[in-house]
Each structure stands twice: as C-alpha cells, then as structure tokens.
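**Student:** Sequence:
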Amino acid sequence: MDKRKSDTIIELNDIWYSYEEDRVILKELDFKLTDTDRVALLGPNGAGKTTLFHIIMGLLKPEKGEVIVFDKVRKNKNDFFEVRKRIGYLFQDSDDQLFSPTVIEDVAFGPLNLGIPRGEVRIIVSDVLKKLGLDGYENRITYKLSGGEKRLVALATVLAMKPEVLLLDEPVLGLDEEHKKRFINFLKDYNGSYLIISHDKDFIYQTTEKQYLLKDGVILEFD
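Using this note's numbering, the first residue of the sequence shown is number 97, and each one after it goes up by one.
There's no promise every hint is true.
[Said to hold, decoys possible] List time: in silico EDC-like cross-link candidates among lysine to aspartate or glutamate, alpha-carbon distance up to 16 Å:
{"#": "1", "residue 1": "LYS258", "residue 2": "ASP298"}
{"#": "2", "residue 1": "LYS123", "residue 2": "ASP312"}
{"#": "3", "residue 1": "LYS276", "residue 2": "ASP298"}
It is worth saying that the hints were derived from the structure and are not from the lab.
Kindly generate the complete structure, drawing on both the sequences and the hints.
**Tutor:** Next up, the structure:
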C-alpha cells in the first residue's frame, strides 16, 4: 500500500451505549478509521462489535459521545443519509440484506434507487458479479442459493453502490474454502479502506494490517 498521507473517515469520541441500565456495552470508547486502513475488530460475542457498526451507520444512537464521519458530526437521522451512500455495510446475516426474487434485482436495487439509468445499472451489476466470481448468476433465485453464494451476493449489493469504505460483519462465517478464497482475493484487490468483524484468524491475517480488540466497552490496539 502506498505511504500517502491518510485522512480520517470515521472518528468516534467518548461513545457510551447500553442495552439495559446495568449492562453497559460501550463506554468512553474512542476510535478512528482512515482512508488507508484495513482493520479487524476482534472480541467475544456480546462485546458490542455489531453495536459499534450500527452506531457508525446511524442505526443506533449513542447515549453519549460524538460520531464524526466524512468530517461532519452526525447526530440525527438525516445526517446519516450521506453516510449510508458512501459506506457499504455488510450485515452478519445475508437474509437481512437480500429481499428480491432474483440476484439481479437484489444487486440492482441500490443503484436504481440512486436514479442511475437502467442500462448503466445492468453494466454495474454484471461487473460486480464477475468480480466476485458470480457471472451468470443474474437470474438465479436468491432464496435457493447456498449460504456462501448468498454471502457473496450480499457483498455484491454493497459493492454496486460503489462505497468508499466497507464495514464487514462476519463476512466469511459459514463460507466454504472456495467462497472464502474469493472473498479474500476481492479484499486484496479492493482500493478502499475497511473494518472487519471476524472470529476467523486466518482470514483476518490475510486481509488486515491492524487488529483491534473491543473489550470491556473500549477498543485496544494489538501490537
């Protein structure tokens, strides 16, 4: 990777969040992600990793603290419209991301909503599917796909929006070795920054350059 000066994309300052009064998930949490970062976020189940992604995307609101994305403080629902266009979020469960009858409809949904002409959208869909080794899948029935195929199609729906940053929640969970290899190869060629939640150590060490641990509500950097 080149050594150009990096710019901060995501900055979290003194973030607090709890699901119940006596169950604080995040506390005094600080974190930064730059446009050159390829980072893994580690931690046990229930540590708050997915919660942190939801806060970045505006799906949850912290009880306290400051969320800055693309140099703007984000507080209310309208503030996050731009964030959701520019950051691609891959959900942990692919079924939460796929809701159309066919692959082409799922992948085309986002670009069409942005007002991109249908002819151009077809090219985008074809290019993204080919990049992920899914060329020829356009007319496949989504719910009939294997778990690994669904995972890659879900990623295709994210990539079709041409995001500048990726948030990937357990991206290779349940994937066989072939689909996992496709995912790894894609990330190695990806030009943007990304933040990955994963328990797969082999995957993490092949795709990230820094690892952080979310523990007791705060983020610690590994040596």
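**Student:** Enumerate the violated hints, using their earlier numbering and listing them in ascending order.
**Tutor:** 1
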